[in-house]
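Novice: Residue numbers (UniProt numbering), protein chains in the order written: chain A, 1 to 391; chain B, 1 to 306.
Derived from the structure by calculation, the hints contain no laboratory data. Just so you know, nobody snuck in bad clues.
Computed cross-link-like contacts, DSS-like style, restricted to lysine-lysine with a CA-CA straight-line distance of at most 27 Å: (1) A:K343 with A:K282; (2) A:K92 with A:K314; (3) A:K132 with A:K323; (4) A:K282 with A:K55; (5) A:K76 with B:K112; (6) B:K112 with A:K366.
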Amino acid sequence: MNATIKTLGLAAAVTLAAAPAMAQEKLKVGLLLTLSGPSAVLGQHARDGFQLAMKDLGGKLGGRDVEVIVVDDELKPDVAVTKVKGLIERDKVDFVVGPIFSNVAVATHKPIVDSKTFYISVNAGPSNLAGKSCNPYFFATSYQNDQNHEVLGKVAQDRGYKKVYLLAPNYQAGKDALAGFKRHYKGEIVEESYTPLNTLDFQSELAKIASMQPDAIFTFMPGGMGVNLVKQYRAAGLADRIPFLSAFTVDETNLPAQQDAAIGMLSGSNWAPNMDTPENKKFVAAFEAAYNTVPASYAMHSYDAALLIDAALKATGGMTDNKEALRAAIQKAEFKSLRGDFKFGANGFPIQDFYLVKAVKRPDGKLQTEIAEKVFDNYTDAYAKECAPTN
Amino acid sequence: MTATLFFVQALNGLQFGLILFLIAAGLTLVFGVMDFINLAHGVQYMVGAYLVAAFSAWTGSFGWALLLALPSALVFGLLLEVLIFRHLYDRDHLDQVLATFGVILFLNQGVKFVWGAAPLSVSVPELLSGSVEIANGLLYPVYRLAIIAAGLLIAALLYVLVNHTRVGMLVRAGASNASMVSALGVNIQRLFMVVFGFGAMLAGFAGAMVAPILSVEPGMGDNILILAFVVIVIGGIGSIRGAFLAALLIGLVDTVGRSFAPNLLRLVLDPAAASQTGRAIAPMLIYIFMAAVLFFRPSGLFPVKR
Numbered sequence: 001m002n003a004t005i006k007t008l009g010l011a012a013a014v015t016l017a018a019a020p021a022m023a024q025e026k027l028k029v030g031l032l033l034t035l036s037g038p039s040a041v042l043g044q045h046a047r048d049g050f051q052l053a054m055k056d057l058g059g060k061l062g063g064r065d066v067e068v069i070v071v072d073d074e075l076k077p078d079v080a081v082t083k084v085k086g087l088i089e090r091d092k093v094d095f096v097v098g099p100i101f102s103n104v105a106v107a108t109h110k111p112i113v114d115s116k117t118f119y120i121s122v123n124a125g126p127s128n129l130a131g132k133s134c135n136p137y138f139f140a141t142s143y144q145n146d147q148n149h150e151v152l153g154k155v156a157q158d159r160g161y162k163k164v165y166l167l168a169p170n171y172q173a174g175k176d177a178l179a180g181f182k183r184h185y186k187g188e189i190v191e192e193s194y195t196p197l198n199t200l201d202f203q204s205e206l207a208k209i210a211s212m213q214p215d216a217i218f219t220f221m222p223g224g225m226g227v228n229l230v231k232q233y234r235a236a237g238l239a240d241r242i243p244f245l246s247a248f249t250v251d252e253t254n255l256p257a258q259q260d261a262a263i264g265m266l267s268g269s270n271w272a273p274n275m276d277t278p279e280n281k282k283f284v285a286a287f288e289a290a291y292n293t294v295p296a297s298y299a300m301h302s303y304d305a306a307l308l309i310d311a312a313l314k315a316t317g318g319m320t321d322n323k324e325a326l327r328a329a330i331q332k333a334e335f336k337s338l339r340g341d342f343k344f345g346a347n348g349f350p351i352q353d354f355y356l357v358k359a360v361k362r363p364d365g366k367l368q369t370e371i372a373e374k375v376f377d378n379y380t381d382a383y384a385k386e387c388a389p390t391n
Numbered sequence: 001m002t003a004t005l006f007f008v009q010a011l012n013g014l015q016f017g018l019i020l021f022l023i024a025a026g027l028t029l030v031f032g033v034m035d036f037i038n039l040a041h042g043v044q045y046m047v048g049a050y051l052v053a054a055f056s057a058w059t060g061s062f063g064w065a066l067l068l069a070l071p072s073a074l075v076f077g078l079l080l081e082v083l084i085f086r087h088l089y090d091r092d093h094l095d096q097v098l099a100t101f102g103v104i105l106f107l108n109q110g111v112k113f114v115w116g117a118a119p120l121s122v123s124v125p126e127l128l129s130g131s132v133e134i135a136n137g138l139l140y141p142v143y144r145l146a147i148i149a150a151g152l153l154i155a156a157l158l159y160v161l162v163n164h165t166r167v168g169m170l171v172r173a174g175a176s177n178a179s180m181v182s183a184l185g186v187n188i189q190r191l192f193m194v195v196f197g198f199g200a201m202l203a204g205f206a207g208a209m210v211a212p213i214l215s216v217e218p219g220m221g222d223n224i225l226i227l228a229f230v231v232i233v234i235g236g237i238g239s240i241r242g243a244f245l246a247a248l249l250i251g252l253v254d255t256v257g258r259s260f261a262p263n264l265l266r267l268v269l270d271p272a273a274a275s276q277t278g279r280a281i282a283p284m285l286i287y288i289f290m291a292a293v294l295f296f297r298p299s300g301l302f303p304v305k306r
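Isolated chain A (complex conformation) (with noise of 0.2 Å):
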């Protein structure tokens, strides 16, 4: 508070008139999203949910005036590397928020952290940043990648599922996926199936999975793939006789496309819409009043980014010069989160609770996901441990 005291003096003894524009300088926030391309909607989410935090804090983070500048990484890491050194080099941002790809997340995170600027992640959480590379200047509001798969594995084993039938993507993603749900899963898979990304018609598998018969099926298809899974699973009249796990599958993003074909299809979350805390209710309720869909849990981890942001500038009077003390104030922030329960771990990702939740139709006819139950409490990922404190 002392600097701003004095920058204001200063600024008024040079010119009045300039005065208030100096006494504080704006706090800039990049925004690296992804806005363009089949996965824009997800960038989409992210982005009207930060502006809604915005909103919800009259324009201001820890009291400075926000400027925040979107750009779209295109979902191509080179192209997320150029427009991350604008944002540092050209507006000389102090704090990166995104992305929602894994790959743009690991082609940035170097130059981003290497400019001492914080980065904080609404969606992605490679392995390797929350384990061997972890950094001081990156933080996630989401989750480490593979736990919302964990999640459906555990479910999967404490049911008794015998025999449970894979199907992924054929890429680095949906390899994870598979491999984080097998982390508590210790059934017999029956069949471990990948299909090219971005294969639309599953209808050869969905006969593969009819005879195989299995107790359940796990899966993994954002976007447009699991709209199509779902419909499809549904037409073939697999969805009542063989329960259908998922994860970044069956969500507010996909569900509008898929509409009744997904109710009743459990999924893995760290939060849900229904979640019972006012702040949430006031939040989705006025993200549903924007933007006219219910809010996926990327525009709540963008949401609680800026509240993160908001609550460690308080705590440092707003100074971001002094990035010891900002980080330790991020590390720590006191605020409330939209999913309850929730502190950073030693690798800068969150410490929280996981859930099964359940695609419902809401009595006003649009659909959303619906906590089941808890599955993990206070739950920290599996790389932590390889996260030394010196890096």
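For this one, chain A is given, so just place chain B on it according to the hints.
Specialist: Frame of chain A, contents of chain B only:
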């Protein structure tokens, strides 16, 4: 169970093949008759799907939406022909590829601008929404059977149209030697326009038919375009008959291969290695198949005589 599974997979392959045929039919005519490489053909498939999504949201009925989408797809195709493609016929292939690729980018962004980036859904028409039980516990959606029926019907119609009507005769003649047809006093410009519009409508029809089972999203035509090119190369460029046979073969090889390659490999390898190799080989199968066909018949199964 394996026999029924094979039967179901064959049905899936047939359905996939027929959709491919609807797209490839227009592509092979445009390429064969007009010697014009139209990369934007896949976009017309996407436009068909978006049109049916928009019209079914408006009318509330898939039947009406389909009836409205077909002429709209035709008009849209003709519009593209008049505005853009007509000016490219005399250019070389590289110019055509570049310009039509630009059309892809433009229209992919265009639909996103109009309908947003999130996938749209179209509900399956009430009448066809059930499924039939093929074997114990194995349901097959009626709508997919309807796609098979519609595809076969269109194929039969095309056969009659191309082989037994005057326009069809001109199209065949144009595929063999366009300049000779023009020299005989046929308005080749108009013939091109008819062929182009018809091809666009068929692609639009394919898009409209798959809209209820696939998600309607920007860029949905890009992947299928590659397969459509594989089909017309295997079938022989300019040949409808070739496109039909090749589309069914590709559909079957792809679907059945994906499903049974790991099983077959299990006969010679241990299960883990078999499923690993099967996964790697399955997506390659159609290209291996294409290479094999081209090795024995370099101008496709049914080359058009020139």
